[in-house]
Amino acid sequence: MSTQNNTITENTSPTKGMTRRRFLSTLLSTSAIAFMGSPLLMKVAHAAAAGTKEVLNGAHWGLFRAVVKDGRFVEAKPFEHDIRPTSNIANTPELVYSPSRIKYPMVRRGFLENGPQANTEDRGKGEFVRVTWDQAFELVAKELNRVRDTFGPAAIYGGSPGWKSVGRFHNCRAGLYRLLNMNGGYTKGVGDYSTGAAQVIMTHIMGNPEVYAQMSSYETVLEHTDNIILWGCNPQETLNMGWVIPDHKGFTYLDQLRDAGKNVISIDPLMTESAKHLNAKWYAPRPGSDTATMMAIAHELIKTEKVDEDFLSEFTVGYEELKAYVLGETDGIEKTPEWASELSELPASDIRDIAAQMANGTTMIMGGWSMQRADHGEQPHWMMVTLAAMLGQIGKPGGGFGYSWHYECAGVPSANNAIVPGLSGGKAPENMPPAMPVARITDALLNPGETIDHNGRKYTYPEFKLIYWTGGNPLSHQQDRNRMLKAWQRPETIIVQDIFWTASAKFADIVLPATTAFERNDMEMGGGASGKYLFPMHQVVEPQFESKNDLDIYQGIADKLGFGDKYLEGKSEEDWLRELYGKALAQGKARTLKCLTSMSSGPTRQVMSSSQQQMKQYSTPVTASSAKILSLNHWAHHLVSSRSTPRLLQIWATTTVKVTQPGSSQLNGLVLRKPNSIHCTCFHHTQLNASTHKPTTSPPATTTRSQVASQFGSLRKMHLHAVLKPVMWFVSSTNAVRHSRAHT
Amino acid sequence: MYDLTDITTENLSRAATYRFLAGVFGTEVNATFLQSATSGELRQLLDDLQCEADLKDAVDLLKFNLDQRSHDASAIMDLRVIFSSLFLGAGGRKSAPPYASYYATEKTSLSHACVAEIETTYRKHQLAPHQNFSEPADHIAAMLSFCSELALQPTQQAELKAFLQTHLKTFSQGFSEDCSSYDKDGFYLACANLLRALIERDLSTLH
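Going down the list, the protein sequences come from chains Y and X.
When you line the first sequence up against numbering that gives the first Met the number 0, it's residues 0 to 743, in that order.
When you line the second sequence up against numbering that gives the first Met the number 0, it's residues 0 to 206, in that order.
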């Protein structure tokens, strides 16, 4: 401190009778400075830095080795056997250390000062104050009880449709459902934002939602398919991500499709990475004109007599009505390529060209999801099924359609792996309110009491007084943002539990900070639709700031609500993981699968050796697919043997593998007369006969249709027209003649 | 607790000022603080600092802000809201995250190599962030607490200067600029200005 630049002396210091030195000494050595709170640094024993270690963890974008240096997550290295790791992996540490993390429990000022429903128009202004966890638990518990007791459980919306972090146990959605179920019920969402229209309509058309189904094996496509139609489908980009931890095996098959020289058509407003990679012919329709384009293709198929009338007659209903509509017999508008050209901005000649290619050989239509995220979004997917049916190739090797080729590496042959169950959402109470279609949240908030049509039923919106949202960001993914913001002012209380300050968190009353998946122990299935692996997810770093694991947050609330002993049943994270893993082991044992390692001990050479021998024995006689799976199992083997932290979870891998192959699976959604000889767009896991590799559940070829329907339960004849009365074909907003709405 | 008899008056003042600022940026202020800062011991500390030419303008601004402030519950709540907005993330991009990493990574991350360097420095002095302080080592309050500790050790003046130079100089510039941009109230802006002035003074006077 420079004494030349100032005039401070003991005598002139303004310390009111006390010498300056004495004043400062007193300030520092007594509790006079205690207003500053707890000491921020503490004495610790001299210790070396923690050093560097690597732990396995995973995310929606792949498995990785987390490099932890001195207790901090500094690098994420793709797992060395990931065939095409994504660049996202490198950014994973930034999730943990993002400036956008919610660090402490926070409460909106107006809510804290004046209680629920106070100044709800101030939501989103950022006026939050920090509270302790105990205060937060108390506030949330009090509100849950108040709303349930005053307005009934239907007034509580447990909003968490859609995604969550990977992990079988630490499931923020299931944990919330469990909490709200135990507290007397709530209104749950039904459906999701990804495929809200398709999953409803497909269930009526095909007998299952299709959109999250395993696809026909790529091996079959490689062998039998001549034409691949990518309609709004871009797997070369979207396969980077998965619902569980992806192995990116689908990229290998995309490479093989490219190398095989398949005729690939991309119908997409954008020149996609998939179109480039597969050397596709690119047709760029105007967004929203898909159904019109498909209808014109149907028109062309009719006019060129490329329609498989036998297939339509045998397996579908409604074609004659459809045909009449396409030909303009019902509305006077013939759905010609010229007619569609005006809507789609595709030259009519291009539409005719697409139709000709589709009818020339075996054609697999790979449909994406974005086109069904719109008003009347069910129409393009419905029409796509119709085209596949008109070509008569549904069920034939390499033909038909599929709606998950871009998702979860569907099409990669499935393994008969044991599945680790997740945390249960608990048993719904007897008076559980009916579920609400998720995308109707805005309508429900603005129009309580209104009755709508949904999936063939009537649904009346309750008046939501409390929203508890976790695992999603409705203010981002709900359409019509400004209307949503207006609706968001309606509830008396909004609780958001999240990792980050999302838009929804900013517009909440109570904000609870959750950990990332890298701050807790868990496990997750790997490989997407193929289900080949169970991956360990070791804790990388301690919970950051004052964030808590989702389940620990719910447990704290449950304690306040008086059922804390039931919520997690007094079991620790490790107890739960051991239990869930044990259930998978029991499954595997019951199905005579072999586990490469055990949970509590490291892999033993003896076990591995035995497993490998059995894998070889099993894989020899099946198909080329099994060889692929063997190599993937080798990956799993390597993962176990090279892991760096010998604790908690090891890897589970199959030694017996069932391959979806021609003739090996039942066909869902169509009534089959000869299921053993027909190939399906949607293979499901079925038991294979050990010697014939035929499905053991298939009916005999002479079975009557009614017997088949009875045996397969939900199977029904494929409806091409008007199954959901009064839904009719929708063409575009300006050309629709008759249409009403299938609410989703 | 240190034996303060061998510590110069200048270093006592330095240590008290760093600790004062560590408290301001470490947690929300309360009524006790405001009372002390307007008419109690903290006001005496500020009056004392005001006599230093290098700090006078910054202290004047802070005292002016304090003197305009009501001490009722609503005023305390105002400051809690601003603290959450500026330092706890509630303000989103319109905030001043109090971490060296944030400014070392051009406002993209709270994880920079400087965190490990700072931890290593603490560890050398057998110090670590307190278990009740749920923040990383590069939080400004932890760093200022460390500076206060060093100021009370006559043999660590060079280390204090090096620490200020390496970890606080650049940080305090960006930090005070963000406080200037986003602190609608002015209290934390005034404190950030004082911090910046203090660092500049100490970098020029410490040997």
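The reader is advised that the hints may include incorrect statements.
What the hints assert, rightly or not - Below 30 Å or equal to it, Euclidean Cα-Cα: the simulated DSBU-like pairs (lysine-lysine) are:
hint, chain 1, residue 1, chain 2, residue 2
1, Y, Lys42, X, Lys62
2, Y, Lys42, Y, Lys76
3, Y, Lys68, X, Lys160
4, Y, Lys124, X, Lys55
5, X, Lys183, Y, Lys163
6, X, Lys55, X, Lys160
7, Y, Lys52, X, Lys62
8, X, Lys106, X, Lys123
9, Y, Lys124, X, Lys62
10, Y, Lys124, X, Lys93
11, X, Lys160, Y, Lys485
12, X, Lys123, Y, Lys52
13, Y, Lys505, X, Lys160
14, Y, Lys141, Y, Lys559
15, Y, Lys322, Y, Lys305
16, Y, Lys68, X, Lys62
17, Y, Lys141, Y, Lys570
18, Y, Lys322, Y, Lys426
19, X, Lys62, X, Lys123
20, X, Lys123, Y, Lys42
21, Y, Lys261, Y, Lys280
22, Y, Lys261, Y, Lys305
23, Y, Lys302, Y, Lys322
24, X, Lys123, Y, Lys505
25, Y, Lys163, X, Lys168
26, Y, Lys261, Y, Lys302
As the list claims (entries may be wrong) - Listed below are several chain Y residues computed to face chain X (Cβ distance under 7 Å; list not exhaustive):
hint, residue
27, Met41
28, Asn90
29, Glu93
30, Glu545
Don't read these hints as lab results, they were simulated from the structure.
The beta-carbon is built from N, C-alpha and C at its ideal position, and this holds for glycine as well.
Structure-based check of all given hints:
1. Taking the CA atoms of Y/Lys42 and X/Lys62, the gap is about 34 Å. The hint is violated against a cut of 30 Å.
2. As the CA atoms of Y/Lys42 and Y/Lys76 are separated by approximately 35 Å, the hinted pair breaks the 30 Å bound.
3. With a C-alpha separation of about 27 Å, the suggested pair Y/Lys68 and X/Lys160 falls inside the 30 Å cut-off, and the hint holds.
4. In summary, the hint linking Y/Lys124 to X/Lys55 is not supported, as the alpha carbons are separated by about 35 Å, beyond the 30 Å threshold.
5. At most 30 Å may separate the alpha-carbon atoms for a hinted pair to count; X/Lys183 and Y/Lys163 exceed this at roughly 36 Å.
6. Annotation: proposed proximity of X/Lys55 to X/Lys160 holds, straight-line Cα distance about 21 Å (limit 30 Å).
7. Straight-line distance between C-alpha atoms of Y/Lys52 and X/Lys62 comes to about 50 Å, which puts the hinted pair past the 30 Å bound.
8. With a C-alpha separation of about 28 Å, the suggested pairing of X/Lys106 with X/Lys123 holds against the 30 Å cut-off.
9. Taking the CA atoms of Y/Lys124 and X/Lys62, the gap is near 29 Å; set against the 30 Å cutoff, the hint holds.
10. Pair hint Y/Lys124 plus X/Lys93 holds up; C-alpha atoms about 12 Å apart against a cutoff of 30 Å.
11. Between X/Lys160 and Y/Lys485 the CA atoms are separated by roughly 54 Å; this puts the pair beyond 30 Å, and the hint is violated.
12. For the given pair, X/Lys123 sits about 22 Å from Y/Lys52 by alpha-carbon distance, which is consistent with the 30 Å threshold.
13. Taking the CA atoms of Y/Lys505 and X/Lys160, the gap is near 40 Å; set against the 30 Å cutoff, the hint is violated.
14. Distance hint between Y/Lys141 and Y/Lys559 is fulfilled; the C-alpha atoms sit about 8 Å from each other, no more than 30 Å.
15. Taking the CA atoms of Y/Lys322 and Y/Lys305, the gap is about 13 Å. The hint holds against a cut of 30 Å.
16. Straight-line distance between C-alpha atoms of Y/Lys68 and X/Lys62 comes to about 44 Å, which puts the hinted pair past the 30 Å bound.
17. Annotation: proposed proximity of Y/Lys141 to Y/Lys570 holds, straight-line Cα distance about 25 Å (limit 30 Å).
18. Proposed proximity of Y/Lys322 and Y/Lys426 is contradicted: the alpha carbons are some 48 Å apart, above 30 Å.
19. Taking the CA atoms of X/Lys62 and X/Lys123, the gap is about 37 Å. The hint is violated against a cut of 30 Å.
20. Restraint check for X/Lys123 and Y/Lys42: the C-alpha separation of about 11 Å stays at or below 30 Å, so the hint holds.
21. Using a Cα cut-off of 30 Å, the hinted pair Y/Lys261 and Y/Lys280 holds, with the two alpha carbons roughly 11 Å apart.
22. For the suggested pair Y/Lys261 and Y/Lys305, the alpha carbons sit about 21 Å apart, so the restraint of at most 30 Å is met.
23. Annotation: proposed proximity of Y/Lys302 to Y/Lys322 holds, straight-line Cα distance about 11 Å (limit 30 Å).
24. Between X/Lys123 and Y/Lys505 the alpha-carbon distance is near 40 Å, which puts this suggested pair outside the 30 Å criterion.
25. For a cut-off of 30 Å, the pair hint linking Y/Lys163 to X/Lys168 is broken: about 41 Å separates their Cα positions.
26. Only pairs whose Cα atoms come within 30 Å are accepted, and Y/Lys261 paired with Y/Lys302 is accepted, the gap being roughly 26 Å.
27. For the restraint placing Y/Met41 at the interface with chain X, the shortest Cβ-Cβ distance is roughly 4 Å, inside the 7 Å limit, so the hint holds.
28. The interface hint given for Y/Asn90 is broken, as the beta carbon of that residue sits about 10 Å from the closest beta carbon of chain X, more than 7 Å.
29. Satisfaction of the interface hint for Y/Glu93 is found here, the shortest Cβ-Cβ separation to chain X being roughly 6 Å, below the 7 Å cut-off.
30. Look at Y/Glu545: its Cβ gets to within about 5 Å of chain X, closer than 7 Å, so that hint holds up.
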